[in-house]
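Chain by chain, the residues run as shown.
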Amino acid sequence: MLRANAISSTGYQPVNSNHGLVAHATLYGMIAPTFALLAVFCLIPFLWAFSTSMYSVEIGADPTFVGLANYHEYLHDPTTLISFRNMFFLTSFAVLVTVIVPLTIAKMIFSLSSQRASYWYRVLFLAPVVVPSVATQLVWKSLIYGDNGVVNSFLTTVGLGSWTHAWLSSPSTTLWAVAFVGFPFASGINVLIYYAGLTSISDSVHEAAWLDGATGLRKFLRIDVPLVLSQIKLLTILVIIYGIQGFEGILVLTRGGPGFKSMVPGLWMYFNAFSFQKMGYACAVGVVLFILILALTILNLKYFRSSEDVQEKK
Amino acid sequence: MKFHPKHLILIAILALAAWALFPPSDKPTEASPLKSQLDKKPVKYVLRMAPGVYLPGLQPASAPKPLEALTHVAREYEKFFPDTRIEFANVPSSMREWLVTQLSSAQAPDIFNVNVEDVWQDTQKGWYLPLDDFFDQPNPFVPDNKHWNDIFKYQAITQGKRAPDGHMYCLTYDMVETGIFYNKDLFKKLNLKVPSNFDEFIEIEKALKKSGHVPMTIDPEMLADWAVDLMFDQLYYPIAPLTDLNKDPKRAMYLANYLDWDEIIYLHRKGFFTAHDPRWVDLFRILHDWRQYMAQDIVNLNPNEPFFSQQAGMIWAASELVQRLARDPNLGFDWGVFYLPPLTKNQSRYASGRPMCVIGGSAMQYCVSNSAISDTHDVKTSERLRRVIGFLQFLTAPKNVDAVVNEPIFFLPNVIGVEPHAELKPFDEFLHRPYTSTKWYFTFDLKFDEIMRRMIPLYMDDGMTQDEFIDVMDRAITAAADNITARKKIDFSEFDRIWEQRADLRKKYEGLPDAAR
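Note that the protein sequences, when read in sequence, are chains A and B.
Each residue of the first sequence is one higher than the one before, starting from 262 at the first, in the working numbering.
Each residue of the second sequence is one higher than the one before, starting from 175 at the first, in the working numbering.
Mixed in with the good hints, there may be bad ones.
[What the hints assert, rightly or not] Each computed DSSO-like pair below joins lysine-lysine, with the alpha-carbon atoms no more than 30 Å apart: (1) B/358 with B/320; (2) B/554 with B/662; (3) B/383 with A/402; (4) B/253 with B/621; (5) B/621 with A/402; (6) B/362 with B/682.
The hints are simulated quantities; they were obtained by calculation from the structure and are not laboratory data.
None of the values given here were measured: they were computed from a predicted structure.
From just these sequences and the hints, can you work out the full model?
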């Protein structure tokens with residue numbers, strides 16, 4: 262709801278909140294359809310999932326109320342521990358590379374003296390965004406990790422034929438192989454987000470840093486990084502959310518195998534819902550993931566400083 | 175606005191993009207389902223069929239043209255019933271998920287191919303119609319026929335497809351079986367002969383490996399399906415008089431000694447299929463020992479490629495492979511096929527030594543869904559159902575079976591008087607063997623299948639120890655058993671009585687779990 266005091270801070274006259282509802286009826290009317298659609302397609306299914314998680318639901322059969330039995334079963338499911346371990350590994354790895362690699366590239370582009378070169382580098386880094394992620398996964402699966410793929414062919418060419426491997430189907434390498442899909446992790450969108458952050462740093466800050474003798478890596482770590490913390494925070498939250506919810510990449514690459522060596526909770530939720538017809542159980546997995554994402558997002562917002570916090574402190 | 179060369183480039187790019195959006199002309203052939211569905215005329219009954227491998231328009235490997243026989247059969251049928259049109263539908267690769275959603279909303283095709291063991295899981299939901307009464311009646315499209323049932327060639331296999339509830343839910347249209355396809359030229363070069371037992375088979379694999387070839391390739395899913403069932407039968411067949419608790423005369427023709435889910439659950443509770451069951455432990459040890467003679471990457475490898483490129487000496491595959499082997503002009507080698515030979519005492523002291531059983535049988539299993547009675551929702555009064563059954567009867571007339579089944583070289587016709595392709599004759603011999611003691615992969619729920627399908631390759635690739643694997647399987651069986659016991663409301667009291675009666679019999683057999691004694 263629009264808040265009267267928030268409006269007042271912008272310089273408008275304070276208005277009574279009840280009055281505001283009437284006064285801004287047109288605005289509320291305009292957002293109502295959006296809210297209604299949001300409720301129908303997002304909020305109601307979300308609440309339905311909570312309720313369904315308390316039932317044993319098999320497609321084509323009557324649902325039975327089972328209380329917390331689905332949660333209890335998930336707690337004892339042989340896949341739970343390994344899938345959460347995999348999810349934390351893959352998400353941590355993704356956060357790490359998302360923070361470091363695109364930021365480094367953005368800084369390098371930002372530091373180019375030629376505006377034209379800077380523009381073309383941004384275009385080049387952004388161009389692969391048009392390739393669907395599933396196509397990328399399939400390319401990695403067959404052309405890069407395949408028996409005669411890039412990795413194995415390279416190893417054979419340089420005389421390391423004994424190192425060739427079934428990278429995605431070997432229990433010892435599958436998780437690292439999944440994590441390295443997308444190497445060198447120079448996602449165009451992330452580069453652009455960081456680039457935007459770097460361009461928003463005032464020239465006076467750069468000049469002051471130069472006068473104080475802060476250049477090169479020192480300036481990058483002490484000046485640039487703190488001032489793009491908002492971007493880092495945003496990307497970290499997005500990567501964590503995707504890392505916990507996402508599973509389509511693993512579905513394409515390994516289906517969570519061999520065994521459950523690359524299983525993640527989201528994929529197990531999918532299998533239970535649509536393969537095993539255990540909709541209630543799948544909803545319980547979904548609710549657990551929701552609580553986890555909510556908790557991590559709150560922690561991130563509460564304890565992760567943004568660039569505004571840094572500037573306010575200074 | 176001033177025209178600049180840049181604009182020309184931009185317009186050219188846009189024109190190219192627009193051109194790329196238009197697909198090439200896709201003129202439907204006479205046979206394609208698209209063509210038949212485009213020529214729509216107003217009719218009272220539009221019947222939908224998902225015919226599996228015989229879908230018109232599909233082009234089998236090395237075939238000169240797409241399949242079209244089923245379209246012609248459908249058009250002939252429509253001449254008998256001008257108020258009816260047959261349409262053909264393809265189903266997505268993840269068929270099971272698709273089917274469940276379609277069936278639950280009564281939107282499934284009237285007729286579709288599905289593994290009937292999957293049907294058995296859901297018979298209590300009313301999604302599938304029992305066909306027993308129709309099979310007892312004459313087929314009007316077959317002269318002098320008194321019972322539709324009588325026209326089927328492989329009677330034992332056909333009748334063996336009855337569900338545990340005693341009803342028949344599918345029409346067994348044709349037959350499939352597996353075999354070990356081998357490169358005859360390579361065998362000749364290495365002086366290898368078709369093996370008569372598993373010891374000889376392993377020697378062949380050793381020789382192939384030594385010569386730098388991959389001895390054998392197989393789809394990893396088939397290890398969980400075929401290999402487990404065949405080895406299981408080899409080790410458990412001798413104790414079948416003890417373990418076969420449920421004698422079903424209707425199914426005994428083909429499924430003699432077959433263990434259904436209720437029997438497996440009961441035996442599991444008695445310690446079978448656990449770490450305390452030496453036969454069970456031996457079964458998976460044998461599979462693990464066999465792994466060294468397969469391709470490096472069994473999970474992601476297309477098993478056909480090494481065989482066709484002559485890198486692999488053998489491939490364990492189903493009879494569909496004959497299509498490419500028989501029709502590929504660039505094959506470059508002579509091929510043969512034999513059946514997996516029996517285990518010997520060298521593999522396990524419990525090996526029966528009897529020939530390996532078969533695990534194939536029915537290929538296309540056409541079931542009728544609840545969509546077929548969508549006009550009246552009553553089997554007795556539904557005219558639509560009569561049209562559906564009529565089409566199935568027409569489809570099984572010998573002339574039509576010959577046209578449809580023998581169009582590709584995939585499977586063997588299951589109707590008397592229709593001969594298979596000569597290249598498929600060896601499979602006819604295989605199909606006269608006894609059927610497996612059970613089908614683990616199709617016994618329990620889909621979660622159990624998924625666990626089994628995943629864990630076997632992992633265990634075979636040393637991703638877990640044998641003890642860990644047996645423990646995972648034990649827990650998976652327990653969970654699946656609890657699930658199916660609740661869903662099917664199984665009563666084990668009769669088995670308790672039979673088990674008590676067999677106390678003396680148990681003393682005869684060695685290697686039983688302690689709990690079973």
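Please flag the earlier hints that this structure goes against, numbers listed from lowest up. 1, 4 and 6
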